[in-house]
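Colleague: Protein chains in written order, with my numbering: chain A, 1 to 113; chain B, 114 to 228.
Think of the hints as simulated: they come from the structure by calculation, not from any bench. One should not assume that every hint holds.
Pairs of lysine to any residue residues, derived as SDA-like cross-links and limited to a Cα-Cα distance of at most 20 Å, are as follows [said to hold, decoys possible]:
#, chain 1, residue 1, chain 2, residue 2
1, B, 155, A, 46
2, B, 155, A, 22
3, A, 49, B, 210
Here the structure is a predicted model, which means the values were calculated and not measured.
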Amino acid sequence: AQSVTQPDIHITVSEGASLELRCNYSYGATPYLFWYVQSPGQGLQLLLKYFSGDTLVQGIKGFEAEFKRSQSSFNLRKPSVHWSDAAEYFCAVEGFGNEKLTFGTGTRLTIIP
Amino acid sequence: EPEVTQTPSHQVTQMGQEVILRCVPISNHLYFYWYRQILGQKVEFLVSFYNNEISEKSEIFDDQFSVERPDGSNFTLKIRSTKLEDSAMYFCASRLLGRAPYEQYFGPGTRLTVT
Numbered sequence: 001a002q003s004v005t006q007p008d009i010h011i012t013v014s015e016g017a018s019l020e021l022r023c024n025y026s027y028g029a030t031p032y033l034f035w036y037v038q039s040p041g042q043g044l045q046l047l048l049k050y051f052s053g054d055t056l057v058q059g060i061k062g063f064e065a066e067f068k069r070s071q072s073s074f075n076l077r078k079p080s081v082h083w084s085d086a087a088e089y090f091c092a093v094e095g096f097g098n099e100k101l102t103f104g105t106g107t108r109l110t111i112i113p
Numbered sequence: 114e115p116e117v118t119q120t121p122s123h124q125v126t127q128m129g130q131e132v133i134l135r136c137v138p139i140s141n142h143l144y145f146y147w148y149r150q151i152l153g154q155k156v157e158f159l160v161s162f163y164n165n166e167i168s169e170k171s172e173i174f175d176d177q178f179s180v181e182r183p184d185g186s187n188f189t190l191k192i193r194s195t196k197l198e199d200s201a202m203y204f205c206a207s208r209l210l211g212r213a214p215y216e217q218y219f220g221p222g223t224r225l226t227v228t
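Start from the sequences and build out the full structure, keeping to the hints where you can.
Modeller: Okay, structure coming up:
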């Protein structure tokens, strides 16, 4: 069975500082990996996805993520955060031939001036 | 840009009542999903639906739940007799058909409150 761990429940970052949100997955083969963002009261918006190929993927809003097979990780990064980045971030995995997404518990990002 | 829509945005119901949550997936999508998120918890898969039948369902999706595509545009989730623990945000999602893992597009959600 596939699973996702997001070890950080809550992260606070100063505006303009860099950000890294951690995600570890468990799956028997190479999974399909996603990062979604959820603003308060809103739905889930896809930030980026990894299916195959280049392990560094670029997404919307200046986010990027790196797939590291050896560490079973897919960490999300942004070089300089903006106040509008404050939200809940979810890492998700989809196994090959398994259509459902399995989500992590999420990381709440707070931005301070 | 096409998007998934859901109605209502918020539904309040009494325990034991039936509720129907509605979704309009993106028009050329053929796979449909329901997920739920209990307050403060992670998003959980409920059911996937393709070609007018359930493809996969989770343990949460018991006999109290059903899904239907009553016409060419709507996709509904029915909870037959609601319980307090059904209070959650329910998200509908849809995606294209194909072998590639096309991304799922999520609607804004329906917040269900069972009193």
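Colleague: Checked against the structure, which of the hints given earlier come out wrong?
Modeller: Of the numbered hints given earlier, the structure breaks none, since each of them holds.
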